[in-house]
Every structure is written in C-alpha cells, then in structure tokens.
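Residue numbers (UniProt numbering), protein chains in the order written: chain A, 1 to 182; chain B, 1 to 182; chain C, 1 to 182.
Note that these hints are calculated values from the structure, not bench results.
Careful: at least some of the hints might be erroneous.
Simulated crosslink set (BS3-like; lysine-lysine; CA at most 30 Å straight-line) [to be verified]:
hint, chain 1, residue 1, chain 2, residue 2
1, B, K10, B, K54
2, C, K58, A, K2
3, A, K46, C, K176
4, C, K138, A, K10
5, C, K59, B, K103
6, A, K49, C, K176
7, A, K58, B, K2
8, A, K2, C, K54
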Amino acid sequence: MKIYTKTGDKGQTSLYDGTRVYKDSLRVESYGTVDELNSSIGFAMKFVKDEEIKEKLKKIQMRLFFVAGELATVEEGKYVYKIKEEDIVALEKIIDDYLPKIKGVDKFIVPGSSEAAAALHVSRTICRRAERRILTLKREESVSDILLKFVNRLSDVLYTYARYLESDLTIMDFEKFYNEKL
Amino acid sequence: MKIYTKTGDKGQTSLYDGTRVYKDSLRVESYGTVDELNSSIGFAMKFVKDEEIKEKLKKIQMRLFFVAGELATVEEGKYVYKIKEEDIVALEKIIDDYLPKIKGVDKFIVPGSSEAAAALHVSRTICRRAERRILTLKREESVSDILLKFVNRLSDVLYTYARYLESDLTIMDFEKFYNEKL
Amino acid sequence: MKIYTKTGDKGQTSLYDGTRVYKDSLRVESYGTVDELNSSIGFAMKFVKDEEIKEKLKKIQMRLFFVAGELATVEEGKYVYKIKEEDIVALEKIIDDYLPKIKGVDKFIVPGSSEAAAALHVSRTICRRAERRILTLKREESVSDILLKFVNRLSDVLYTYARYLESDLTIMDFEKFYNEKL
Ligand code: B12
Ligand code: B12
Ligand code: B12
Ligand SMILES: C[C@H]1O[C@@H](n2cnc3c(N)ncnc32)[C@H](O)[C@@H]1O
Ligand SMILES: C[C@H]1O[C@@H](n2cnc3c(N)ncnc32)[C@H](O)[C@@H]1O
Ligand SMILES: C[C@H]1O[C@@H](n2cnc3c(N)ncnc32)[C@H](O)[C@@H]1O
Ligand SMILES: [Mg+2]
Ligand SMILES: [Mg+2]
Ligand SMILES: [Mg+2]
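Just chain A, with the same shape it has in the complex (with noise of 0.2 Å):
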C-alpha cells in the first residue's frame, strides 16, 4: 500500500465521486481548513483533562470527518453522511448546559488563561477560518445550509469549552487598557 500515488503531484485531484478539481479550488481549499481544524481539535484536547469534554470533542472531531467528506462530493446523491439539524440540536445542548457555569460571558477575554483554554481558543479561531472558506464556496457551489450552520456553531461551542476550562480569567476593558501605556 502506497499512500504517495504521485497523481497529485502536478496540482490536480480527486474529490469523494471522483470529479478532478485543483488543489487550490475553492471546494479543497474548504475541507482543507476543516482537516486544519480537526488536527488543532485534536492537539487541543492534550491539554484537556476534564473526561466529559474529552469524550465530546473527539466525537465532535469524528462530526468534521463527515463535514470534510460532504465538502469532498459534488455528485447529487453519492454521499450519505451527511451533517443533520440533530447535530446542530446537539452542539446547542453543550453551550445551553455550560453557559449558566460560566461568568462574566457578556464580556471579551484576552484568550489564553490556562493551557487548555489556550488551545482551544486557537481552534475556536480555526473554527471560523473553516466557516470562511465554507462559505466563500457556498457563494460559488451548492453547499448545505445545515453544514455552514454547524461549523457557525462549533466556533460557540468551542468558545464556550474554553471558557469553561479557563483559571485566573482577563476579561477586557477597552476603556482601562486603553488608557495604561504599551
């Protein structure tokens, strides 16, 4: 078994249905950011140690396989695992059950109070960057609505894991920070 195939070597590939795009289209460019996404996902729960959000996380990660693979298929009907609304009911239940634990959420923090909440702030900007892209071929490419939906809430999700795993929290103050010298 090869995982080189050299086919990709001149720039071209292969999506899911087996449709050649270039690498730099805007379809491999979105489940590019996803891959980007998941890998940072999974560094960031390294630094995780509470159980329960371990376990969600790594599902959440196995949630961007089918992402990535539904990006990957432009063919009508060919692929099946596609991102439902009880996905989107799901990550919703996660902020709804967190947020109430949480204080001070009607303010900005400056990101990086533990290591974990470090991490997962650097994935939680990832987030976005997927959404981005995602969206960019939406304007181009059909795209589903529930998909763009979920990764738009993920980015909550993350944040809202974040917070929870922060200690000894900066929340800012334009007013006070602007006024102290750099």
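Given the structure of chain A, go ahead and fit chains B and C with the ligands onto it with the hints provided.
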C-alpha cells in the same frame, strides 16, 4: 444570555457600527486573522516563563483587541480605541532593548530550539499572515497606516522575544546544509 | 543592526533578487506559508522524543529554507539552492521505511492520540495549505515542478511520522459513528 444568536447562520454578520457584511469579506477575514493571532499568542504565553515578557505579551494581546475593533468599524468617528503612533514606539523600544542581548541576528535561525521560542515563531508567522490580510483590505477600503505599521512591527517583536528565549540555537547555513543529504 | 527597516510599513517588500512586490502577492503568501509550516514543525518537534525523527525533521526544516528562498526569487539563475529530485527521493525513502511499521493505513484516523502525533497532524495540514498556496502562484508565475512535488510529498512524510508516533489510536468508522449521537 445567548452567545449563539443564529443571525450569522446564513453567512452574514455585523460590524461594530452595525453594517451588515459577508463573513468572508476582506474586513472579517482581517479581524478574524487578528483573533487567530491573539489566540496564538495566548497559547504561546503558556510556554514563556519570563515574567516581564509575559506581562508585555498580555498587553500586546489587549492592543490586538483595539486593532480588531478598529478593523471591525467602517463608520468614520464611531470607534475611539485606535492604535496610536506611541504604540509603535513602545514596540520599537522592546526590540531595541532586547536585540543587543541576542547573538547571530544577521542570520536566519531554524525555528524551534526552546518550547517558548517555537510557539512564538508560530505566532510570528500568523502575525505576518494577519499583516497580509490587512494589506489586502487596505487596498480596497480605508485602513489606518498606523494600524498596519503596528502589525508589521509586532512580527519583529515576536521574532525578538522568540530569539531571546531560544536555547541551543541552530543557525541556518545555506551553503553547508545544501550539500548535506536529507 | 536593525531588524525593523521600516521599508515594509506601507505594504511593499523585496524579494531575494530585489524585485519590489506587495506583501499580499501570491509569491509572498507562498513563502510566508512555508515560514508558518517551518515554525509549526519546529513547535511539533518539541513533543517528539524519537531522536532519529527529530534529526530528520530538523533537516526538513532546513530544506524549507531552500524552498522559501526559491519561492522568494523571480530572476532566473539568481538563486542556487534549489530543491532537487534527490530531496524527493529522500522523502519517499522515509515513507517507505516507516509505513510498514504502521497498522491500519487503509483508514482515516482521528487526529490526536499522542501529543507528538497531534502536533504533527497540525503541521501536516499547514503543509497542505502551503501546497495550495504554491499551486495558486504556479498558475500565475513560474514555479519548479520539483518544488511543488516536494511539498506534496512532505505532507505524506508528516502523516507517516504522525501515524508512527501515535498511541491508542482511534480509527474513523463512518458507518458506526454516524449512528452514534453527538
Ligand atoms: C476527502 C478526502 C480527504 C479529506 C477528508 C476526508 C473526510 N471525509 O474527512 C482529508 C483532507 C481530511 C483527507 C486527508 C487524508 N487523506 Co484523503 N481522501 C479523501 C477522498 C477524496 C475521499 C474520502 C472520503 O471522504 N470518503 C468518504 C467515505 C464515506 O467513503 P469510503 O469509501 O467509506 O472512504 C473510505 C476510504 O476512502 C478509506 N481509505 C481507503 N484507503 C485509505 C488509505 C488512507 C491512508 C486513508 C487515510 C483512507 C483510506 O477511508 C474511508 C473510510 O473508510 C479520498 C479519495 C477518494 N476519491 O475516495 C482520499 C484518500 C482516501 N486520501 C488519501 C490520503 C493519502 C490522505 C492523507 C494521508 C493525506 C495527507 N498526507 O494528509 C490524509 C489522512 C488524514 C487522516 N486523518 O487519516 C488517499 C489514500 C491512499 C491510499 N490508498 O493509501 C486517498 C485514496 C486519495 C489518493 N488517491 O491519494 N482526505
Ligand atoms: C468585532 C467583534 C469581534 C471581534 C473583535 C473584537 C475586538 N474588538 O477585538 C472578534 C472576532 C475577536 C470577536 C470574537 C468573539 N465575539 Co464578537 N463581536 C464583535 C462586534 C462586531 C464588535 C465588538 C467590538 O469590538 N466592540 C468595540 C467595543 C469598544 O465596543 P463596546 O460597545 O464597548 O463592546 C463591548 C460589547 O461588544 C461587549 N459585549 C457585550 N456582550 C458581549 C458578549 C460576549 C460573549 C462578548 C465576547 C462580548 C460582549 O464587549 C465589548 C467590550 O466591553 C460585536 C457586535 C457589535 N456590533 O457590537 C460582536 C459580539 C460582541 N461578539 C459576540 C460573540 C459571541 C463573540 C465570540 C464568543 C464568538 C466566537 N464563538 O468566537 C468571540 C469572543 C472572543 C473573546 N476573546 O472573548 C456576540 C456576543 C453575543 C452575546 N450578546 O452574548 C456579539 C454581540 C455579536 C453577535 N450579535 O453575535 N468579536
Ligand atoms: C525571503 C526572505 C525571508 C523568507 C524566507 C527565507 C528563506 N530562504 O527561507 C522568510 C519569510 C522566512 C523570512 C523571515 C524573516 N526575515 Co527575511 N528575508 C528574505 C529575503 C527577501 C531573502 C533572504 C534569502 O532567502 N536569501 C537567500 C540566501 C541564499 O541568500 P544569502 O544572501 O545567503 O542570504 C543571507 C542573508 O539574507 C542573511 N541575513 C543577513 N542579515 C540578516 C538578518 C536577519 C535578521 C536575518 C533573518 C537574515 C539575515 O541570511 C541569509 C543566509 O546567510 C531577505 C532580503 C533580501 N533581499 O535579501 C530578507 C531579510 C534577510 N529578512 C529579514 C528579516 C528581519 C526577517 C525576519 C526576522 C522577519 C520576521 N520578523 O519574521 C524573519 C526571520 C526568520 C528566521 N527564521 O530567522 C531582514 C533582515 C534585516 C536585517 N539586516 O537585520 C531582510 C534583509 C529583509 C529586510 N530588508 O528587512 N525572510
Ligand atoms: C463576534 C463577531 O465576530 C465576527 N464573525 C462572525 N463570524 C466570523 C467568522 N467566521 N470569522 C471571523 N469573524 C466572524 C462578527 O463580526 C461577529 O459579530
Ligand atoms: C524577511 C522577508 O519576509 C518577507 N515579508 C515581509 N512581510 C511579510 C509578510 N507579512 N508575510 C510574509 N512575508 C513577508 C519579505 O520578503 C522580507 O524581505
Ligand atoms: C486525501 C485527499 O486530500 C485532498 N487533497 C490533496 N491535496 C490537498 C491539499 N494540498 N490540501 C487539501 N486537500 C488536499 C484530495 O481530495 C485527496 O484525495
Ligand atoms: Mg458565529
Ligand atoms: Mg515586516
Ligand atoms: Mg498530497
């Protein structure tokens, strides 16, 4: 209080002054990348032990909120926490203070000698990506010269801190390594 | 010696051969992303304990300086440290040596079992982003086929090392996980 307001599920969002824009617009791409930079610095700080540098990096993070807020506003006069020339002077002072303490600043260094340095090099390159994104925006819409200069200088600060925190440094030698086999 | 030369404050910069370009040009975007990749490998190495792999990764980082320098030059004949076919052969040898030691290479794996693997998966995805950026450049301006091939193969090397350093691996099972609730 809800953090998911569902208003962004279709790809549009609001700037600080209420203007509706697409999430993949140059403006959102710019402050989204600044958010990524901010998070990445928050993460890198977890590996920094030097208290003086940690304190400065936190202040820099706060400045990045000013940067992002400024980028998130189009309406003239609406946003007050603008980056000032004195912020740049402060960054240049950091560089001038630390550079004399560093050896071999006339050569490229292979990123990654200490954990702290390695993480700061990652932030440095994200900072330069943010600079590129802001520049792309600036060629289409108005962005303050000082803000762009701030981000440019910031990547040199991140380089300086990384170099200062380096240990067991590998200096790049094009001639020598080119002849060594991979 | 100054590292901030102020010549780049307005958005232009110099290539190796002195050509002035915008910092958000495809060329600068390409080598800027290679710089990000290089830094990310430097960071990932901090989690790798295997001495042989660490040594190879450092040599790969040095090769990335050759890649970036080549991308930073337009003038024909000016730049000498070009990526060679034998560099690709060296990467393929790494893959061929390590792949037999790995189980389950006919399935996707959920990134993030060990710290080292997780960090290398992040580098892998940044490498693929660099490949996409270089390809975009190559469609506008001349870029060596070998350089592009090198970056393509490098992502497979990063995958291979990540897989080798994995522990307690989760193999992706679309069928099974699709029916498990998030
Ligand atoms: C889209 C895609 C991706 C996407 C998204 C996948 C997703 N759904 O999340 C991303 C960008 C993440 C990706 C990454 C990689 N991919 Co890919 N990917 C594909 C593609 C186009 C479709 C796969 C898919 O989503 N199938 C959807 C599922 C539902 O369909 P399935 O039939 O059940 O898919 C199974 C097989 O594809 C299978 N599989 C069979 N052999 C192999 C071998 C390897 C190494 C892998 C990873 C999977 C794999 O795994 C799937 C699950 O059972 C295929 C090519 C193709 N046209 O099928 C390549 C393909 C599977 N990928 C390949 C490779 C090499 C990789 C990477 C190792 C590349 C790299 N260096 O980073 C990584 C591995 C990442 C990981 N975590 O394991 C190779 C495998 C070559 C081989 N036979 O050994 C393929 C065949 C492309 C090719 N011709 O080169 N990939
Ligand atoms: C630009 C912007 C961002 C930018 C940059 C902000 C900056 N200056 O650095 C970035 C991309 C970083 C960002 C990130 C987030 N943002 Co925001 N952001 C905005 C926006 C458009 C302007 C905010 C701003 O810069 N104000 C400038 C200051 C000077 O003005 P201000 O009136 O004093 O601003 C205060 C309020 O906005 C306030 N605030 C009030 N309620 C809440 C609630 C939350 C959760 C937050 C974070 C802030 C916040 O905090 C500011 C400081 O006092 C507002 C919407 C709007 N039109 O106002 C959303 C907004 C504040 N953001 C929001 C959210 C949810 C987030 C994120 C949690 C999203 C995510 N999942 O990643 C993160 C949090 C990041 C963090 N570190 O805490 C929501 C808050 C919803 C709510 N009421 O609970 C808003 C209202 C947008 C919306 N309608 O959904 N954001
Ligand atoms: C392309 C380039 C990059 C690329 C890629 C380089 C590569 N090959 O991988 C990237 C994006 C990685 C880069 C990063 C940086 N660069 Co640069 N880079 C260049 C550029 C345009 C060409 C360098 C090159 O590749 N030469 C190819 C080799 C074969 O030719 P060479 O003559 O042997 O090159 C030697 C000199 O350039 C030399 N050198 C001489 N003085 C200095 C000083 C510094 C601080 C450095 C890093 C190198 C350096 O190092 C090379 C190896 O011997 C030069 C400007 C120019 N036109 O030459 C700037 C230049 C060398 N870079 C500079 C700077 C400041 C940096 C950064 C510190 C910026 C930052 N804040 O991130 C980092 C350092 C990264 C690191 N790991 O050390 C400055 C140095 C200023 C000074 N005299 O002190 C220069 C001169 C540009 C400028 N005018 O501002 N760079
Ligand atoms: C919190 C603020 O972040 C901005 N916003 C919303 N979605 C994204 C995204 N994918 N990337 C970057 N910024 C985003 C909007 O301006 C919102 O109001
Ligand atoms: C050190 C070298 O890095 C390049 N350079 C300058 N600014 C950026 C940026 N924002 N991103 C990537 N590369 C940059 C220029 O070529 C400079 O000479
Ligand atoms: C494994 C799958 O990853 C996709 N692929 C190939 N090269 C890249 C890249 N540089 N970036 C993102 N995705 C890529 C192709 O679809 C391939 O089949
Ligand atoms: Mg959102
Ligand atoms: Mg600069
Ligand atoms: Mg490839």
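Verification of the supplied hints:
1. K10/B with K54/B: Judged against 30 Å, a Cα distance of about 39 Å means the pair is violated.
2. K58/C with K2/A: 25 Å, holds
3. K46/A with K176/C: 24 Å, holds
4. K138/C with K10/A: Roughly 10 Å between the alpha carbons, so the hint for K138/C and K10/A holds.
5. K59/C with K103/B: Measuring from Cα to Cα gives roughly 22 Å; hence the hint holds.
6. K49/A with K176/C: 26 Å, holds
7. K58/A with K2/B: Holds, at about 25 Å.
8. K2/A with K54/C: Holds. K2/A to K54/C sits at ~24 Å (cutoff 30 Å).
Going through the hint list in order, the structure does not satisfy hint 1, though it satisfies all others.
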